[in-house]
Amino acid sequence: MSVEITRPGKNSLVIETPVMPASGVFGFGDVYRDLIEVDRLGAIVTNPVTFLPWNPATGTRVIPLDAGVLLHTGLPNPGLNKVIDQYRTTWKMLPVPIIVHVVATTLDHLRRGAALLDREETIAAIELGLHDDIGWKEAESFVKAVTSLTEKPVLVRLPLQDSVAALDQIARASADAGAGALVAGAPPRGTTRDAVTGRLIGGRVYGPLVRPLALRLVGQLAGRVTIPVIGAGGIHSAQDARDFLEAGAVAVQVDSAVWIEPKLIEIIARDLGGLVVTREMGAFADEWFPGMGETTRRERLEGLSLLDADNPPRSDNS
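Residue numbers 1 to 318, in my numbering, belong to the letters of the sequence shown in order.
Hints listed in this document are in silico derivations from the structure and should not be mistaken for laboratory results.
Please note that a few of the clues may not be correct.
[Claimed, not checked] What follows is a list of derived Cβ distance ranges for each label pair:
1. S2 <-> D194: 16 to 26 Å
2. P76 <-> D108: 13 to 23 Å
3. D85 <-> A195: 38 to 48 Å
4. A115 <-> D194: 25 to 35 Å
[What the hints assert, rightly or not] Here are the computed lysine-lysine pairs in the DSS-like style, where the Cα-Cα straight-line distance is at most 25 Å:
5. K263 <-> K137
6. K10 <-> K92
7. K263 <-> K82
Backbone N, C-alpha and C define an ideal beta-carbon position, used for all residues, glycine too.
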């Protein structure tokens, strides 16, 4: 099944499966590629990247929560030029489109970055990450800075803000500035105590507890904007992903579930792509599992046939 995840047009982005990793999960396309069948995914969204290099945050970076995890990383990256030079060959070899996530910093850096990415043939689209306290006017100027200098589709990842009215304005401003799709939304910020240092640490919150917030945002945006909406946040099962599609999303991005079980994103992609097989009535629980796929099922059946041929049933007289 092919899915158009950006607004229709000459440069719209069409993917084969409506499932992709969220930014920050798959590195720059080099992480997990040997653990899953990448071609089952619709696309790969890279780690966040800035025009100039950013250093990592100091102190504790990962704090477990009751229903998730808090990350305080500082978004370390070597800068856009070096990322492109270092991963161009990897992107060329990967069987799915590459979407580069760019952090919205300054207008000058966004314009220079957009021009650079526009010339890069291995990149299919740009995802622009907006900061949490952004207003609609700043969002419009940031999005326009990118869309005015590239013909590639631009996805805009929205922050999970408390004000529905404010988010609605940001979403509409992004669409008016040329965004091809909206990603709803970025991991929210939170604060918790670090058990090691005893200090309160702020960071991004990931996990199932985020899902109701993101699902609500998708439902609100899907009926109000004229461009596609991609759901993201707390998806840990195929049913979670289907909930986002039912709420109005055209596709989903999976984040923290991949850190727990990398294969899970492939299972979700198989499910939403119509490749799931289920156990037959009376089958043992380990005969196959949801998301196995037709190839594995066939191989298993062929293996059982060979086993039966090597061990024919004995007659009553033997």
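Okay, the hints, checked on the actual structure:
For the pair S2 and D194, the beta carbons lie near 46 Å from each other, so the given range of 16 to 26 Å is not met. Taking 13 to 23 Å as the suggested C-beta distance range, the pair P76 and D108 conforms, at roughly 22 Å. In this structure, D85 and A195 meet the distance hint of 38 to 48 Å, their C-beta atoms being roughly 40 Å apart. At about 41 Å, the beta-carbon gap between A115 and D194 misses the expected band of 25 to 35 Å.
A C-alpha spacing of about 41 Å is found between K263 and K137, which places the hinted pair above 25 Å, so the restraint is violated. Annotation: proposed proximity of K10 to K92 holds, straight-line Cα distance about 22 Å (limit 25 Å). Taking the CA atoms of K263 and K82, the gap is near 30 Å; set against the 25 Å cutoff, the hint is violated.
Against the hints set out earlier in the document, violations occur for numbers 1, 4, 5, 7.
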